[in-house]
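Asks: Sequences are here, hints too, so could you generate the full structure?
So the protein lines, in turn, are chains L and X. For the first sequence, position 128 (counting from the first letter as 1) is numbered 128 according to my numbering, and the numbering increases by one without interruption. For the second sequence, position 552 (counting from the first letter as 1) is numbered 552 according to my numbering, and the numbering increases by one without interruption.
None of these hints come from the bench; they were simulated from the model. No experiment lies behind these values; they were computed from the predicted model shown. Keep in mind that the hints are not guaranteed to be accurate.
Footprint (simulated), chain X over chain L, 3 or more residues, beta carbon under 8 Å [what the hints assert, rightly or not]:
no., region
1, 48-61
2, 66-73
3, 142-154
PhoX-like, lysine-lysine: derived pairs with alpha carbons at most 20 Å apart [stated by the list, open to error]:
no., chain 1, residue 1, chain 2, residue 2
4, L, Lys81, X, Lys550
5, L, Lys82, L, Lys135
6, X, Lys260, X, Lys272
7, X, Lys568, L, Lys49
8, X, Lys553, L, Lys82
9, X, Lys472, L, Lys98
Even glycine gets a Cβ: it sits at the ideal position worked out from N, Cα and C.
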Amino acid sequence: MELAKKEDIALETREDKALDYAQAITMVTFYIGDFLLGIPAERVVEINKEIEITPVPLSEEHILGIMNLRGQIVTVIDLAKKLKVNFEVTPKLNLIVKDEGEASVSFVIEEIGEILEIFPAKLEKTPDKLEGIAKEYVKNVYQLPDRLLLILDVEKIIQ
Amino acid sequence: MNFDEDILQDFLVEAKEGITNLEEGFIELEKDKENVEILKALFRTMHSLKGAAGFFGFKTLESIAHFSEDILSKLRDGLIEPEEDVIDILLKAVDYIKYIIGYIEKNKEEPVEDRILDFLVELSNFNEKLKKKVQEKPKERTPEEKKAEEPKVEKEKLEEEVVEEKKEEEKKKAEEVKPVEPVKKEKKEEAVVTPHIELTETHIKVDVKLLDQLMNLAGELVLARNRVVQLSQKLMDEELGRSVQILSMITTEMQETIMKTRMQPIGMVFNKFPRIVRDLAKALSKKVNLHLEGTETELDRSIIEAIKDPLTHLVRNAIDHGIEPPEERVQIGKSAEGTLILRAYQEGGQVVIEIEDDGRGIDVEKIKRKAVEKGFMTLEEAEKASEKELLSLIFKPGFSTAETVTQLSGRGVGMDVVKSNIEKLGGSIEINTVRGKGTTVKIKIPLTLAIIPALIVTSGNYRYAIPQVNLKELVNVEPEKDLLKLGNTEFYRLRGEIIPVLRLSEILKDNGKKVEQRNLVILTTGERFIGLLVDKIFASEEIVVKPLGKWFKNIPIYSGATIMGDGKLALILDVIGLSQFVGISMEEVEKKYESAKAKIRTSSEETIFILLFDVGKDRLALPIALISRLDKIKASEIQISGGKEIIIYRDEVIPVIRLENYLPLQGASDQENYNVLFFTERGKTCGILCSNIVGTLETTLDVEEGIYNNPGILGHRIIDGKTVLFIDIYKIIEMYDPDWFIVKGKVEEKAKKILLAEDSPFFRGMMQNYLKGAGYEVEVVENGKEALNKLLSGEKFDLVVTDLEMPEMDGFDLIKEIRSNPDYKNIPIIVVTSLAGEDIRRKALEVGANSYEIKLNREKLLKEIETLLR
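Replies: See below:
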């Protein structure tokens with residue numbers, strides 16, 4: 001009997017959230033300085049630790065260089081610089097992001113956060129008072145229990 | 001048999017293609033018996049084969065093709081039906097043809113074998129039989145054909161009848177032949193089997209995508225291998241090490257082999273031309289002999305495909321516009337048959353394709369007129385334009401010189417497309433033409449789009465790849481000693497030529513620790529040379545070009561990136577992009593000129609670097625190439641010795657010349673430091689004292705004469721609002737020391753007389769001075785026409801020195817005129833130019849010049865004159 005009960009509960013919860021889950025978006029989150037940032041998981045190809053960046057002199061400041069991802073040349077972007085966050089990133093991880101029709105791009109980050117499910121209905125407009133980051137690259141914000149998640153506008157960043 | 005090897009090769013290639021077409025055609029035919037198009041195609045193929053075989057005198061082959069063609073014609077005209085036995089015998093014929101072609105390829109002659117003759121008899125009999133049948137048929141058919149709209153049923157009936165008839169005949173035939181047949185059959189089967197191995201099985205068709213994928217995988221494998229190699233080194237296991245080494249070798253070899261699969265001989269394209277040329281020549285009533293050279297030269301498949309159309313266009317042009325009609329050729333003393341050469345060869349990392357004809361050449365005057373007519377140039381510009389500039393107009397959209405628009409070419413579209421297609425491939429195209437003698441179009445294209453040989457250099461901790469195509473040579477220099485720093489630009493003298501030098505670390509804004517850079521890479525953009533100082537030079541490597549992302553598109557100095565053997569990346573440098581970093585560009589200079597009016601007509605292409613410097617308040621200029629060094633000295637270093645001012649410079653006593661002593665200048669005021677321009681010749685050096693170095697300028701040498709008529713001044717020009725005097729350093733040194741240039745022991749009984757044709761007053765003055773200084777009597781003229789008139793006036797000259805780019809009549813025409821005059825056909829002619837270039841040199845020598853020298857290289861020119869006059 002106990003077993004059946006458990007199942008019932010499991011079923012209940014599933015039904016309960018079914019609607020929400022259908023619309024939920026999986027977000028890969030990471031930290032830059034004090035900001036918690038998120039990118040839709042569907043845009044992320046992989047996260048790896050191989051940091052062997054070849055600088056490309058004369059390129060823009062936020063371009064760290066290029067790297068070799070299994071025979072593909074990937075452009076490495078210093079997200080902190082691009083987002084004008086006053087924080088010196090020590091490149092530790094590569095967040096490889098898809099760019100439709102082009103070679104992938106890597107955002108270097110220091111610390112990866114949780115993989116979160118968020119619900120589009122709860123997305124909020126970027127508040128005007130958000131400071132310390134270039135607002136034009138933040139698409140939405142999302143209130144987590146303990147802090148604010150900034151959803152990045154990937155298109156705009158890699159434009 | 002004594003026919004041209006090349007033609008035989010062409011024939012074989014065509015024949016093999018034909019065989020493939022025939023085989024495919026017959027197979028199609030079996031599926032779709034009513035298809036007249038297939039029959040027509042089969043007939044044509046067989047017909048060409050017969051013709052070609054007849055041309056080479058391959059009698060058996062010709063006969064087989066002949067009978068087969070006969071049978072095919074009957075099929076085509078619907079006189080007989082494509083029954084199995086008919087198809088069978090035709091396929092058998094194809095097999096024999098295949099065997100014979102294979103045999104010819106090996107032995108250069110036809111096989112003489114009984115079984116082939118037996119088959120021929122069989123084929124001939126079969127054909128005879130069909131003929132009889134056809135002759136019988138019309139009797140029955142004619143009345144029926146009159147009623148064209150016959151009900152279908154009846155027609156079918158008729159066909160049934162015919163079929164029955166045939167079957168009967170076959171039976172008969174089978175009875176007739178049967179006794180001998182079994183023995184023959186075995187042999188025949190052999191014949192059928194062998195050719196299959198010889199002709200088809202050595203090659204198979206593979207999707208190129210598959211090859212591309214293979215190549216990518218090989219790249220991945222290399223990287224994986226590299227990781228394994230590193231790991232095995234850590235583990236230090238001997239056995240593992242050995243296997244890894246083998247793995248490593250095989251990987252490399254595999255990668256190379258896969259790359260090779262994409263390479264194909266250019267013959268793939270060239271072999272299409274015998275036919276095209278034959279047809280074109282016929283259509284235009286011209287006689288053209290086509291030679292194919294270097295058909296085995298290999299190129300990447302994608303390039304082979306892409307050059308097909310441009311080449312066809314160029315070949316058409318050559319036949320249509322280049323090669324004259326036979327009558328015209330005979331009249332001007334050429335053979336009636338024109339020659340067209342398609343030549344391919346490898347040069348560095350590039351493949352050069354030349355399309356050479358011996359036709360009438362391109363009429364540059366006509367281009368000039370057309371350019372003005374069509375508004376491409378103003379009359380004034382056209383007059384000034386060099387041959388090269390005018391020829392380049394051919395590649396402009398909407399420019400065509402054909403007098404009448406023919407069906408084949410001259411529609412005004414094409415050459416621009418040809419050029420852009422070739423440039424898309426990373427190639428270049430140029431035209432060389434000699435009026436009346438022919439035109440050569442030279443196309444240079446990279447061997448492959450994906451893999452290029454490149455020189456690996458370093459700056460700081462990173463490696464960079466420079467495409468071999470842009471590489472001229474490597475020089476080890478001592479920057480302090482060998483580089484001249486003028487203004488912000490550094491220069492290096494490479495055999496008399498002044499080359500601007502860039503430092504890679506500076507361009508890349510590499511702020512790391514400075515190492516002494518001694519490695520100078522001399523690069524060519526195709527138009528100019530530049531030197532690039534790098535930290536280190538590694539070996540040359542084959543690199544795989546990978547594109548860079550969109551973030552780097554606006555940085556001109558990279559053309560891509562590549563993955564090195566160790567998995568690390570190297571950026572590929574774009575030499576044309578780099579050249580933009582060189583000092584003052586031509587455009588800027590030209591802009592500055594627009595204020596200065598009254599230009600003297602001279603070739604606009606003749607530009608050199610000049611050095612601007614001040615003596616007191618006066619600004620002077622002279623070509624940098626004449627100066628061996630530049631340095632600063634303290635006023636206190638100037639000593640007086642033997643009544644002359646000297647300095648001790650690098651343990652050498654150098655006399656110092658103050659220009660104000662020889663030229664109408666105010667002179668330098670006393671200052672603490674002076675700049676000294678060093679001038680060295682035949683081991684003797686002197687220094688010119690000046691107060692200030694202004695900088696350098698790449699410029700033409702248009703100077704105005706008249707105001708300053710002092711010896712030592714060649715002319716003046718206004719640059720940046722200031723009058724600049726162009727000085728004649730040879731004259732000044734001669735004024736300083738009349739014995740400076742005199743070589744001991746040279747006593748001429750009578751001075752030799754030289755005719756100097758030169759349009760630039762600057763060079764004219766300078767050369768006249770140094771020629772006179774060397775003891776020659778010199779007569780100067782300003783263009784080819786004047787030179788010719790001088791010669792025709794009866795005045796005797798021992799030697800002609802001429803410029804190439806001149807108004808009225810250029811150097812090439814002058815030489816041609818001189819050489820065609822019996823009185824002067826042996827007079828030595830030296831061509832002088834400020835442009836160094838192998839093509840120009842070759843062309844000058846072709847039209848009859850004895851020698852080719854650079855104007856500023858006094859020493860060498862004088863030596864050459866001496867040699868020629870001896």
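Asks: Each of the hints needs a verdict: does it hold here or not?
Replies: Structure-based check of all given hints:
Counting residues of the region 48-61 of chain L whose beta carbon lies closer than 8 Å to any beta carbon of chain X gives 8, which reaches the threshold of three, so the coverage claim holds. Closer than 8 Å: that is the beta-carbon criterion, and the region 66-73 of chain L has 7 residues meeting it against chain X, so the requirement of 3 holds. Coverage of the region 142-154 of chain L by chain X is violated in this model, with 0 residues showing a Cβ closer than 8 Å to a Cβ of that chain against a need of three. For the hint pairing Lys81/L with Lys550/X, the CA-to-CA distance comes to about 18 Å; that is within 20 Å, so the pair holds.
About 11 Å separates the Cα atoms of Lys82/L and Lys135/L, which keeps this hinted pair within 20 Å; it holds. With a CA separation close to 23 Å, the supplied pair Lys260/X and Lys272/X exceeds the 20 Å bound. The hinted pair formed by Lys568/X and Lys49/L meets the criterion: a straight-line CA distance of about 16 Å does not exceed 20 Å. At most 20 Å may separate the alpha-carbon atoms for a hinted pair to count; Lys553/X and Lys82/L meet this at roughly 18 Å.
Using a Cα cut-off of 20 Å, the hinted pair Lys472/X and Lys98/L is violated, with the two alpha carbons roughly 41 Å apart.
Hint compliance for this structure: hints 3, 6, 9 are not met, and every other hint is.
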